[in-house]
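A.B. asks: Sequence:
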Amino acid sequence: MDQQRSARVDDHLELSISNLGTQQFYSAYSLNISHTGILLACYEVVPFCKATLLEVIIDPEGRKISEPVYALAEIARIAKGDSTGLEKYKDHLGEDKNLRSVMGIFFKQFDGRKHEVWENYINDHYKSLGWDVPDLSARSR
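Residue numbers (the working numbering): 1 to 141.
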């Protein structure tokens, strides 16, 4: 699979996340977004670890995207609690000192046409910044 990184866009979207197959959802928000994943933050320590599969609902209230986006994602990296890694994220990103978890997730699958909704949202961001919209047709999925 092509490991090329996608350009990241700063954007704060609300998310609901849960361990795959459970009904315990946690509130989170995005720090930055890309075609392939999201760097997100939570105000509570989440019971997840690296490689956890998550059910993700992006913009569940439909405030910024035309409709909620449902996806399956995997945690690529995570820092939580009082870890040094979390403090580095807070310092580097200038984020709220009350954050308790920060994690990078990458998308594995989208529900139905939700992938198209997400791609359109990201592409609109690129265009608004004057960036070229990448041709992802050659990228393995």
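If you're looking for bench data, these hints aren't it; they were derived computationally from the structure. The reader is advised that the hints may include incorrect statements.
As the list claims (entries may be wrong) - Pairs of lysine to aspartate or glutamate residues, derived as DMTMM-like cross-links and limited to a Cα-Cα distance of at most 25 Å, are as follows:
1) K108 x E61
2) K64 x E87
3) K127 x E44
4) K127 x D10
5) K80 x E55
6) K64 x D111
7) K64 x E74
8) K64 x E116
9) K80 x E14
10) K90 x D124
11) K90 x E74
12) K127 x E55
13) K64 x D132
14) K97 x D11
15) K127 x E14
16) K88 x D135
17) K108 x D91
18) K90 x D132
19) K80 x E67
20) K97 x E14
21) K88 x D111
Here the structure is a predicted model, which is why all the values come from computation and not from measurement.
A.B. asks: Would you mind marking each hint as holding or not holding in the structure?
C.D. replies: Status of each hint after checking the structure:
no.: 1; hint: K108 x E61; result: 22 Å, holds
no.: 2; hint: K64 x E87; result: 29 Å, violated
no.: 3; hint: K127 x E44; result: 34 Å, violated
no.: 4; hint: K127 x D10; result: 14 Å, holds
no.: 5; hint: K80 x E55; result: 19 Å, holds
no.: 6; hint: K64 x D111; result: 19 Å, holds
no.: 7; hint: K64 x E74; result: 23 Å, holds
no.: 8; hint: K64 x E116; result: 15 Å, holds
no.: 9; hint: K80 x E14; result: 19 Å, holds
no.: 10; hint: K90 x D124; result: 28 Å, violated
no.: 11; hint: K90 x E74; result: 22 Å, holds
no.: 12; hint: K127 x E55; result: 29 Å, violated
no.: 13; hint: K64 x D132; result: 22 Å, holds
no.: 14; hint: K97 x D11; result: 19 Å, holds
no.: 15; hint: K127 x E14; result: 22 Å, holds
no.: 16; hint: K88 x D135; result: 33 Å, violated
no.: 17; hint: K108 x D91; result: 29 Å, violated
no.: 18; hint: K90 x D132; result: 30 Å, violated
no.: 19; hint: K80 x E67; result: 30 Å, violated
no.: 20; hint: K97 x E14; result: 18 Å, holds
no.: 21; hint: K88 x D111; result: 34 Å, violated
Going down the numbered hints, you'll see the structure goes against 2, 3, 10, 12, 16, 17, 18, 19 and 21, while the others check out.
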